[in-house]
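Novice: Read off the chains here:
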Amino acid sequence: MTDVNCFTSELTTTTTTAAAAEIATLTTPTKNVLDQSPTSPFILRAPPSAKSKLILQNMEEVLNTVKQKHREKHKRKREEKRRAAMLAEANTEQTTTATTTTNGRHVLREKTSRENGIGHTKRKSPASPLKSSTPHATEQQSSIMKHFAKAAAPAKSATNVFELMMNARNRSLGTNANGQAAGEPAEAEATASPPHSKRKQLLQEWNERKGGAKRRLAEEAREEYIEQQMEQRAKRLKKMLTQPAAPSGPKEASGQEEAQPVKRLRGRPRTRRPSADVDAQLPVSPPSVDTETVQLLAKLCSPVKKRDSLLGYFAKLESPQTAAEATAKQEGETLETPKRRPRAKKSVSNTPASVAETTSTTPSGRPRRSCATKARYDYDLEPSPTKAKQATPAAADESIEIIELDTSNPAATPKKLAPLFVRQLPKPSPDPTVLRARQEFLHSGVPEKLRQEQQRQRCFEQYYEDSYELFPRIAHVGGTRLEASLSAPLQLRQEEKAQQQQQPAIVRKTSTGSITSCTAADFVPSKTKKSVSSWTPLPQLDNKRTLVKNWKSAFERFPTFKCYNQMREKYRHFSAIDAAQDTQPMGESFVVTRRTRRSLEQQQEQQREQAEEHFRPPALAPNGELLFTEKYKPLLFEQVLVNLTPVQELRDFLANWHGAGAGQRNSQTLDDNCSMDFGNDSSSMGASCNTMVLLGPCSSGKTNAVFALANDMNFNVLEINAGMRRTGKKLIQELQEATQSHQIRKEAKAGGQLLQKLQMNGLKAKRSQGDEDVRKSLILIEDADIVFDNIDAGFTDAIYTLAASSKRPVIIVATDPNCTHLQRLMQQNTIKFQAPNALNISRFLAVLSLMENCPIELDELISLYLYNHQNLRKTLMELQFFIQSGGDGQRSRGSSQPPSTSNSPNRSPRLSTLAGVHIHQQLFEFYTTAQNVRHFVPFPVDFRLLRLNLNELLRHSMLLQHTQSPGASVSRRSAKRKSCSPKKAWLSTATHNKSEPLQTLANFYEHLSTASLLDASGLERSNDRLQPHLAEQLAHTLVECAVSTCLASKNYAYNLFDKPTQRLNLMDQLGSSCRSSCARALDYEPAMRAICRSEKQRAGLERRSSRFYHYLRNHAVNSVTSFSTELYEAACQVLQEPEMEQPQPQQQSTPHDLVE
Amino acid sequence: MPEEMETVVVDKRNNLPWIEKYRPVKFDEIVGNEDTVARLSVFSTQGNSPNIIIAGPPGVGKTTTIQCLARILLGDSYKDAVLELNASNERGIDVVRNKIKMFAQQKVTLPRGRHKIVILDEADSMTEGAQQSLRRTMEIYSNTTRFALACNTSEKIIEPIQSRCAMLRFTKLSDAQVLAKLIEVCQLEKLKYDEDGLEAIVFTAQGDMRQALNNLQSTAQGFGDITGANVFKVCDEPHPMLLQDMLQHCAANDIHKAYKILAKLWRLGYAPEDIIGNIFRVCKRLNVDEQLKLNFIREIGITHMKIVDGCNSLLQLTSLLARLCMAAESH
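Residue numbers (my numbering), protein chains in the order written: chain A, 182 to 1337; chain B, 3 to 333.
Worth flagging that the hints you see were computed from the coordinates, not collected in a lab. The structure displayed is predicted, hence computed values, not measured ones. Treat the hints with care, as some may be off.
[Claimed, not checked] Some, not all, of what chain B presents toward chain A, calculated at C-beta under 7 Å:
1) Val44
2) Pro52
3) Leu190
By construction, the Cβ of each residue, glycine as well, lies at the ideal position given by its N, Cα and C atoms.
Looking at chain A on its own, in the form it has when it is part of the complex (with noise of 0.2 Å):
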C-alpha cells in the first residue's frame, strides 16, 4: 500500500503548468545531455537507452495528446457538418501545430486540463469519455496496443507486479515529453523479452551479494501485504470488467501512424528524429489489435476511484501471471531503494502493455508530474560504458545507436547495475580503457574546438593526478589561472626587494643619518662611558643669617624672621636626632610647647653660634629620614604661615570644643561663620555646631591644620581616612565610644584607628604634660567625599549618624566641593581652603631651601609652583628631591648660567647673594624639560601655555622684528598685554608695511591651527595608546618647526608655567568629557552661555524664582559639567568680559580659536 501510495502521490501533485514547463525542458536536453556528460566523468553513468527511449515516449505521448485534441475538435466538427473533407484539414492542422511548438503547448496545456476534467467528473461512467466520444484518440492509442501486442505475449509470461507497476510509474513520468518515440517501444519490446529470465537471475546473484537477503525479509512481508491488497482490487476490477466496453475499430490507425513521426520530423529539427522515423516504420506492421487490452485500457481510462486505477489495472494484469511472478517482484523491490533507473528500463523494453497504457492514461497521467522526476532522468542521461562501446561505431547516425542500445540493454543490464550498488561504497575507478571509449563517444558529438579543448584538459588532469598522488585534485579549478595570478604579487615582491636593496645602497653612501637623527659619530664604538661624577654634599652655608637678612628687605609683607626661625628650629631639631643617632629620647630637650618654647629658643640662640658644626648630618643618613613636608609642616597655630584665615576659623570652631563641657562654651569666641546658636539643650544643638566641613583642593592644608590645631589645643584626632575599610557598621562600631563620651583615655583608643602618634614622633612631648592629664578626642574623617559604593555601604549614613549623635567635634576634609552626599553637611559648617598664594610660598620655599643649604633662585621656585598647578606637596617632594640630590649638582659646575633667566624681563630681581654662595637655578629645568632629546617647545604641546608664549615669541621673531618700528611698540605691548591682542597690535603696526611679515605671519598661524586640531583629534582617541602619540608628535613637530621656521625666534625662553587667571577660559570650564571639541564649540558651549546669562540675571534680579540656579549649584554637579558655584560665576565673567572692555584679548590670539 504504501508503495501505491507513493506513486499515486507523485502522480497527483504535479499541475499542468508545470507539465508544460517541463515539456520545454525535456524536448531540448536529449543532445545536449549527451555533449555534457563527458565532462564530469565521475558521476555514475547510466545507460541513455532507457532515458532515451522514456523521453521518446514522453515526446510521443505529447504529441499523442496534441493529436488527440486536435482530433477530438475535428471530430466534433465532423460529427456536426459530416465532412470527410475534414479529415485532410485535420491532418494539416496537426502539423502545423507540431511546427509551432508553443501554440501547440498552449492548447495542448487546454485540453489536458479540460481533460482532467472529463475524466474527474465522469469516473463513474463505465464507458470512458474518451473512447466514446472520441474515436479518433482510440483509435490511436488501439494502433499503439496493435504495436505492442506482439511483444505482449511474450513479455507477459516474465513480467509480474512490480515491473508493472513500474511501468505505469514510467508512463506517468514520461507522458509529459513530446511523444516524439511513437513506435519506439515496438522496437525496444522487439529486442527486450528473451534474455529476461537471465537478467533476473542475475539480478538475484547481484542482490544477494549486496547483501539483500536481510532487507528480502522485510520486504517480503511487505510484498505479501501488498499482494493481499492488490488481489482485492484484481478482484474488483475484474468484477467492473466484465462490463463491456465498447471498442472502436482502428479505422486510420495505421495511416495516422505513419503520418505522424514524418510530421514531427518536421516540426522539430532534432538529431534524434531520424530514429523515430525508423521506429515508426516498425509498428506499423503488427496486424492484429489485442482487443482484451484496448477493453483494459478503456477500463482503466475512468477509474473508479483516482488511487485505484493503476492497481486495479495491475492486477488485472497479474491475473494471468504465474508463480514467478512473487520472486521477480521481490527482485525488482530490492532494487526500488536506490534507483529507478533499471526498473524504468526494465519496465519500458519488458512491458509493452504498460507502455500502451501510457498513451492511454495520458490525460490523466501527464499534468502530473513531478519535478524530482526530471532529476532522475538526467541521471538516466550520463552515458554507460557499455552504451559507449556500441555507439562508437554507431555515432555516425544516432538514430541507429539507439536502437542499438535498445537491443543490447538486456545484456548490458546487469553491468548498469553494479555502479548502483557500488553508489554508497567507495567506487573503483572506472576501467580506463572503458572510461576512454566512453568519452570519446561523448566526445564525438563535441565540436572540434571543444574536445579539444577537453583534451587538454584531461591530459593536465593526467597530469596532476601522477605527479600529486596523495591531494584531491586541485587542478579541476583551472591551474593555469592560478598558477599566473599566483606569480604576478611574487614577482612584485621580489622586485620590491631588489629595489630595497638597491636603493639603500645607493643612499647609504651619501647619508647616514639620513632617516634617523644617528650622527656618523654615534656609529664609533665608544668605551668611554661618560664620568661617573661622585656625589659630594652640599656645603653647609654658615651665613645663613645674613642671606636672610638681605632678603629681608624684599620680601615684603612676608614674616621672613619668623618663618627662619621656625625652620632653623626644626632643621636644627632634626639634625640633631640624626646627629644623636637616636640615643636621645627625643621628648625631653626638644619640647615644644607654648609655654617653654620663648626660653627654649633664646637658649638655643645662645648655643647656635658655637654649634654650628655640632650637628652636622652625619654621613650615615645625610639626607635624614624625613621628608619635607613631614619635617617642615606646622605643629602649632603660630606656625601656619600660610593660610591663616581658614586655620583660625577652625580654631574658633574648636576653641568651642576644647573648654571643660559643651554648657560652659561662650559664644563670644563664634566666628559668624559657624552661625550656630546655642540652647540651653546640648542635645538639640549638637546636631548643628559639632560638625565642620574643610573643603579645599589638595594639598591646601586642611588635614595639616587640623594636626597642627589638635596638637596645639590638645586634642586627640580619631582619623577615618580612605585607606581604612570604613563601612557604616564598622565606623559606627568604633567611634560610638569616642562620640557618646566628651573624652577618652589615651590607651583606650579604638582599634585600627590612627592617631597621629607617627607624624609627633619627633616632637613626642606635648603639652599634655603641663596642664591636663586628659586629652579631648576629635574624629577626623578624610576623604569624605571619596565613596566605594561596594565595598563602603552605609559610610555615608554613618556619617550623618555621627554628625547627629555625636558629643564630640567632627571635622570632614573633603576636596569635591560638588559631593553630593555631604551637600546637607556642607550647608551647615564650611571653611574653605584654598592654595596659598604663590608669592608667599616662593619665599616660603626660598628660605626653607636655604635652610637646607641650597638657597633656589625665587623665579625657580614661583615657577615650579606655577607648574605644579599651586600644589605646595608636590612642589616640596620634588624640591626635597632636587637639593637632596644635589642641588644643580655637577652640571652647573660644567655648563655656564642656564639660557632660562637671561631674557626673560618680567621675573622678579634675583636674590641677592654672598660671596661664595652658588643660587641654583635649575631647578624647574631639571623638572620640566626632556633630558634625552631636546625640545624648544614641550614635547605635548599645550596649547594654552602656547598661547601665553605667543606674545613673547612674536616679539622675539627675527622675522617680524625688522618691520616693526623698535623699542616703543614692544614696550607698549609689553605693557597693554592684557588687553592687547599680539596679533591685533602687531597687524596694526603691520598694515602699513610690507605684506611679507604679514605673510609670515598667516603662515604662521596657520600652522599653528593645524598643529592644534592635530592635537585635538588626537586626544579625542586618547583611549588608543598609539595613534595619538603619532597625532602628538605631529602636533609638536609642526609647531616647533614653525616657531623655529618661521619666526626665527630661537632664544626665546618658552614659558612653562601658567598664570592661573588668564587661564580661564569657558571651554576649560565646561570639562572635558565633552565628546570632541567640535561638539563642545558648536553646540555645547553655546546653550551653557545661554543658561549662564540667563540665570545668573534672574538670580540677580529677584530671589525667589531662581530655583534654576540653585538646580544648577547644587545637583548639576555630577552631570558632564563640573558646574559649581565659582565656575559659574566665572564663565559668566568670561561672558560678560567683552561686553565691558572691547577688545578680548585672549581669545583672539588663541590658535584654538583659530581653528574653530
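Given chain A, put chain B in place with the hints provided.
Specialist: Quick look at chain B alone, frame taken from chain A:
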C-alpha cells in the same frame, strides 16, 4: 666594569631574551635621562628618597630605574623591604587597604635613612578607587615606607597621589643613545653588523630601547647579520628609503614617480596608518628647505587626521602626494 659583569652574567642567562639579559643593574648602565638617573643614584646611596612617580613612554627604563634604586638602596634586605606590584597583580581597593597597609606597618630593620619601598609598576592601570585609598596611606607611613610609581601617562594618576610624589618625567631616548647601546650589545654578542642595519633598527625602534633590543635579537637569530635588508625583513615596515625617495620626488614636483612608489607600498599591503607614520618620520629628517618641510608636515598631519578618522584609502594617500607636489610647486 660592565664587561666583567657581563661575562659572569652571560653564562647564567644565555637563554634569556636580550632585554632581560642586558637589563641594567646599575645606574650608570641606564641609558638616557642622565640627570634624573644620576640624582636617583644619589638617593640610592644617601637614602631618604621622596616618593617618586616616573612617567614616560614604554621602553625608556622606568621600571629598570626603580628596581635599580630599590636594589642598591636596600641591598640584602631587598626581599623583605620591597613590595612590588605590577599590573599583573591584583591592586584593587582591598589590596591597597590590606596588603599595602600591612606591608607599610611591618617592621623591618633598616639602616637609618633607608625606607621600605612599595613599587607600583604601571600605576596608571590602577583603578581610581585604589588610588584614592592609597593616598592617605602614603602620607601616614611616610616615615617608614616610600612609594615608587611607574606609569605611562601621568594624567591617569589622580591628583592627590601626584601631589604626594615628585614627578620625574622620562622621555624617549634619542637615536644616538639607542644606537650606542645597540653597538654595545652587538659587540658583546659578537654580531656582524653594519651601519645600515643598526640605523634601520634605530629607525624602527623610535626611541624605545626594548623594541630596539627585541628587533636586534630577532634579526640576529633570524638572519645572523644585522643589515638593513635583514632588519626590514624582520620588522616589516614601509621602507624609509622608499618613502624618502617618494618625498624627494614630491619635492621635485614629480607626482608620477612618487605615486609609483606609493602604489607599490600599497600593493605590498601596508596599512595606511603605518605608511603615514613612516612618511612623517622620514619627513622629519628630509633634506629639503625648512619652509617646504614645514608645509609637508602640515599636509601629512592633515592626512593622518583623516586616516585616523577612518578615511584610510589609497585615495587619501594619493591626495597627500598631490598636495605635497602642490606645496613644492608653490614654494
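Novice: Each hint needs a verdict: does it hold in this structure or not?
Specialist: Against the structure, the hints:
With a cut of 7 Å, the hint placing Val44 (chain B) at the interface with chain A holds, because the nearest CB-to-CB distance is about 4 Å. Taking 7 Å as the C-beta contact cut-off toward chain A, the hint placing Pro52 (chain B) at the interface holds, the least distance being around 5 Å. The beta carbon of Leu190 (chain B) comes no nearer than 11 Å to any beta carbon in chain A, farther than 7 Å, and the hint placing it at the interface is violated.
Figure legend: structure checked against the earlier numbered hints; the only hint not met is number 3.
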